[in-house]
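*Asks:* For the record, the sequence lines run as chains A and B. Quick note on numbering that gives the first Met the number 0: the first sequence kicks off at 0 and runs consecutively. Quick note on numbering that gives the first Met the number 0: the second sequence kicks off at 0 and runs consecutively.
It is worth saying that the hints were derived from the structure and are not from the lab. Careful, some of the hints might be misleading.
[Stated by the list, open to error] Result set (SDA-like, lysine to any residue): computed pairs, CA atoms no more than 20 Å apart in a straight line: (1) B:128 with A:159; (2) A:68 with A:195; (3) B:74 with B:98; (4) B:74 with A:43; (5) B:128 with A:143; (6) A:68 with A:78; (7) A:133 with A:184; (8) A:91 with A:105; (9) B:128 with A:123; (10) B:128 with A:50; (11) B:128 with A:145; (12) B:74 with A:41; (13) B:74 with A:39; (14) B:128 with A:142; (15) B:128 with B:259; (16) B:128 with A:158; (17) B:128 with A:141; (18) B:170 with B:250; (19) A:91 with A:123; (20) A:68 with A:184; (21) B:128 with A:157; (22) B:92 with B:68; (23) B:74 with A:42; (24) A:102 with A:197.
Here the structure is a predicted model, which is why all the values come from computation and not from measurement.
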Amino acid sequence: MQCPILVFGVPFLEEINVKLFGLFGLIFLLPPMMALGQSDLPGDSVYQVGGHWQNQQAETVELAGLRGKKQVVSMIYTHCEHACPVIVSSMKSIAASLPEQMKHEVGFVLVTFTPSMDTPDVLAEFARRQNLGKDQWSLLRTDDDTIRDLSMVLGVKYERLDNNEVNHSNLVSVLDEQGRLVFQESGALGASRLIVERIVNH
Amino acid sequence: MFHRCGTAVFAFTVLFGSGNTSFARMAEIPAGEFRPLYLVEGSPLVAVEAFSLDRVPVTNQDYLAFVLQHPEWQKDQVPAVFADSRYLQHWNKNAASDSWEPERAVLDFPVVNVSWFAANRYCRVLNKKLPSIAQWEYVARASEISPEGWREPGYQQRILNWYAHHGRPEKNPVGRSPANYWGIHDLHGMVWEWTVDFNSALVSGESRADSSIDKKLYCAAGSVNSVDPSDYAAFMRYAFRSSLSARYAMSNLGFRCAVSGGN
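Taking the hints into account, I'd like the entire structure generated from these sequences.
*Replies:* Given below as structure tokens:
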């Protein structure tokens with residue numbers, strides 16, 4: 000067993016370098032090259048959690064791959080009937096209310112509490128039904144231990160119940176481009192305007 | 000030169016000495032069930048599967064061995080997201096070895112000032128886990144002579160006295176107090192202990208308000224409604240856990256590890 004920090008080893012960094020190279024081209028080549036050491040991920044980044052992740056396209060992904068955009072993050076499960084639809088609606092409302100020029104600067108992340116039920120297929124179907132485009136939305140699953148780690152980092156309280164339901168905090172977290180927590184708000188619909196204002200002003 | 004040699008011997012002792020890695024240092028706890036205090040009368044009992052639990056809390060020596068093998072958990076290396084600034088604040092820089100270590104006098108004292116992330120990782124590298132709230136509370140109900148010791152006269156008062164006069168309890172070697180019915184030492188009277196799911200306490204509904212259990216825990220009425228209002232010590236532990244954040248490192252908070260399913 001290794002510490003999650005070690006997950007961000009050299010091969011992975013090379014992959015990120017290539018990604019950044021492709022995305023930003025020559026103009027931004029030098030600064031990322033200099034910034035991307037193993038210690039590049041800030042010590043207070045939520046992405047230090049590491050772990051092995053899978054998205055709704057069944058691709059293997061790393062949390063650190065979410066860097067480069069602000070991310071709006073919530074933990075949900077797709078068969079949840081009460082809080083989660085509200086959180087998802089609230090996040091969709093945030094996405095729709097962002098100023099046009101910011102839309103490509105902000106990503107949206109839903110992490111499932113119940114990875115055994117929320118397979119990539121289920122997540123993909125949920126995304127299709129909710130009209131969550133894959134360029135903007137990441138629906139992620141991982142193992143139970145890593146879910147616990149992420150919930151601890153985000154201060155999300157949760158408890159699995161015997162009937163496959165999960166009691167959990169109704170919380171939306173906004174992370175900066177390096178995965179540092181900027182602020183958190185209730186996932187209630189009424190909070191989405193405030194969240195948009197704070198994202199815009201950050 | 001002498002110092003270097005001393006340090007090497009010290010490190011050797013720490014790495015290969017009586018580390019808390021052996022299952023012989025765990026006690027097997029049979030399956031059972033209990034009713035957590037915050038549930039109202041008539042609510043279902045919580046089942047606890049058979050598991051094993053460390054007989055004593057993890058010591059500074061145990062933790063030093065872990066840090067020597069996993070230097071990313073040394074106090075000047077740990078990412079801020081995993082531990083606040085009080086992490087291992089009682090360890091000092093050893094000039095000879097250029098690393099942070101506890102004083103030798105406290106090697107067999109319970110390690111404190113460790114965050115949930117650190118405690119959790121320590122257990123995982125040993126293929127163990129932190130105990131769940133249910134596992135911990137289930138075992139902590141035993142006295143020296145009975146698994147249901149919490150019903151004995153004076154049992155609650157002893158624990159409450161410790162909570163009230165919480166001086167510097169970490170300044171004692173582990174394992175010196177009498178074992179409880181299950182062969183477990185120091186659950187009470189030494190340090191508070193991390194549980195793997197401490198962040199599930201107080202989750203009662205779909206909102207952050209978590210109002211119903213909040214009321215049960217914090218209002219006087221709640222104490223009246225709980226199963227046994229005399230179990231005030233457990234009540235205090237639930238309240239304490241709900242105040243924690245996983246980054247916190249505190250001078251009266253340590254941990255021990257568990258293995259699900261027994262041996």
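*Asks:* Which of the listed hints are broken here?
*Replies:* 6, 7 and 9
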